[in-house]
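Hey, can you work out the whole structure from these sequences and the hints?
Listed in order, the protein sequences are those of chains A and B. For the numbering used here, add 38 to where a residue sits in the first sequence, where the first one is 1. For the numbering used here, add 30 to where a residue sits in the second sequence, where the first one is 1.
Just so you know, these hints were derived from the structure itself, not from any lab. Cβ atoms here follow ideal geometry from the backbone N, Cα and C, with glycine treated the same way. Misleading hints may appear alongside valid ones.
FRET-style restraints, in silico, Cβ to Cβ [stated by the list, open to error]:
no., chain 1, residue 1, chain 2, residue 2, range
1, A, Q442, B, Q136, 16 to 26 Å
2, B, Q136, A, C604, 32 to 42 Å
3, B, Q136, A, R483, 26 to 36 Å
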Amino acid sequence: MSQMDLHYKSTLRKLHILYQISKYVSSTLDLPKVLKIILTGVTFGDGFGFNRAYLFLADKRGRFLEGRMAVGPANQQDAAAIWQQIEQKKISLEEFLQVQAKQKQEASDLDREVQKIKIPIHSQYLVASAFRQNRLENVDLSSTESPSRALEPQIAALIDYPRFCLVPMACFGRPMGAMIVDNKYNCRRITDDDINFLLMLSQQATLAIENAKAYHDLKKIVRRLVNINQKINTLKEYNENILENIPIGICVSDHAYIINACNARFCSMAHKTRDMLKGRLISEIGLTIKGKNVKRLLRKVMHVQKNRSFERAEYSFGQNKGLCNLNLALFRKNEKELQGIIVIVDDITEKAKMEETLKEFRNLAQLGQLAAHVAHEIRNPLVAIGGYARRLEGQVARGSPIEQESLHIISGEVHRLENILSSTLQFSSQKQVVYQKFDLLASIRECIQVVCSYARDKDTGIRLSGQSCRGPVWVNGSPEQLKQALINLFKNSIEASYGGEAVKITVKRSRERAVIYIENKGKLIEAGDMEKIFLPFYSTKTEGTGLGLAVTKKIIMEHRGEIDVCSKKGHTVFTIKLPLGGGS
Amino acid sequence: MKKILVVEDDEHIRKLYAAELADEGYMVVVAGDGDLGYERYLKEKPDLITVDIKMERVDGIRMMRMIRKRDKKIPIIIYTAYGEYSQDFSTWAANAYLVKSANLEQLKKKIKQLLR
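Given below as structure tokens:
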């Protein structure tokens, strides 16, 4: 074989090695693996066959060259052993690279040594300047021709061999690292041919390293983006949850008053699903405010660019009806740009009712205190007047009917006044209800019994309707107080009935409440009197204390119940609703 | 003849009770406040006491407490314009609690019952 053939053959083999290295390098994006494959290719006997190879990469800030990896035997014996092993096993570079590409990389002693090295890039030493200038240096410290610059002492100590080749690695003209190779153990000289291939390899290696680095950076960025995305999603969910859980109806529209978004409360107020509301005009979803035109209000807010709010506005929306605080707020993107309008509907019907009740209670409490004081002051003189009148009545001679009658009237009136005092005191007492569970139906039967003879005296009757529910109706409360409330109401209905028309009592049980209807045919309650009949001392009758219905209402309210009256065409119905106790 | 001590600060009412109860055949002694009532109790040794709660100076409750320290058995009737104190435990030492009325029948009935 001619010298030329040998040369071609060697060149071909080296090109093949280059191809294999580049193939395996491109099979991974893991930087340590890439580095390992390159250095292995450089040192493998079947490859370029250098004894040792060191790799240095510039740090991120471009201030230092840092030792990253090294491949080669630690000493002469080690070298001999490794070569023998490879020779025996007949491992090809391809097989070796295959293993390297898959294996997990572990740092060798040589790796650890090289990783301690950190050379300032801007120094005047040999490796640093060659790196900066992207210059290949084939160094022979033993020759008489000394190199242009002194070698970094760290490197000299690491290599501890006079002949080596420094191959710069640059990507698009930007220096990024350097490779040092030598033949310490077989002392083979580094030829020009070697250098040419090293330069080619350096190109390949640089690209692969850059790729791996870029991939690594990209991975980091992607991870960061994923984190940010997660945070944004969490924040978005958090904000949406706040809006969803707020017990106030909120809806957002664009410039044209078309709904873009709304929360759950708004949907439930409108009795429509979100999909049914989205894309519709606010003015056409059934929201009405008494005395206002919603469409015009929205336009005005947009036109004047000023938020508006209405307190205790009477509204109706879907099946909701009552009082609300309405806010129309501009939805701004920034100071200059308007995105639309936000409609906030806060239903305050229950709150208003409670405030009203509280007010009523306060008034009643004040009135009660005054009434109690007066009642106590009056009782003593009354007892004296009545007591003496009764005493005289017994002493006046039988033949003095006028005196007897007069005294009888005094006693009778005193008796009536005493009753008024008792009712007043009872009405004004602030006793807490002592709750116990009892059967309301049984109590109602007892009450009917109590007032039965009273009804007969008035030429009417009272009966429990057959439509009433059966079995016990358990409620929590004071049976005595509730009985008194019912007796007052029953008597009242009896008094208002026309002769012969019995009062009808019906008891029903709903899911949460017991409902009692007290129906009578008789005197109509005028519309103007309807609200007043429960007020103390408001009575259309000439007899009685004027406190009966007020006491009834107070007792019912203390039991967290409701009482209402409806009177039409000679037909009056009182309705009492009481919360059911457990077990009904 | 049974002796009844009436402790009541309203003079008219006091006289009325005295007359009415005398008519019923009781011997009646009277006192205008709790302090005097206690003195009368010690001196007269009545069989039964009726007492108002709210009185000037020493009230009925305090007098009752003083008497109960010496005598756990003597019947005491609270006869007052204040119905609401019947719930108050300080009145529970009495044998009966009645709300004042021009009609004394209830009081007379209770006295008869307690003296039986």
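Results for each hint:
no. : hint                         : verdict
1   : A:Q442 to B:Q136: 16 to 26 Å : holds, 23 Å
2   : B:Q136 to A:C604: 32 to 42 Å : holds, 41 Å
3   : B:Q136 to A:R483: 26 to 36 Å : holds, 29 Å
Checked against the numbered hints given earlier, the structure satisfies every one of them.
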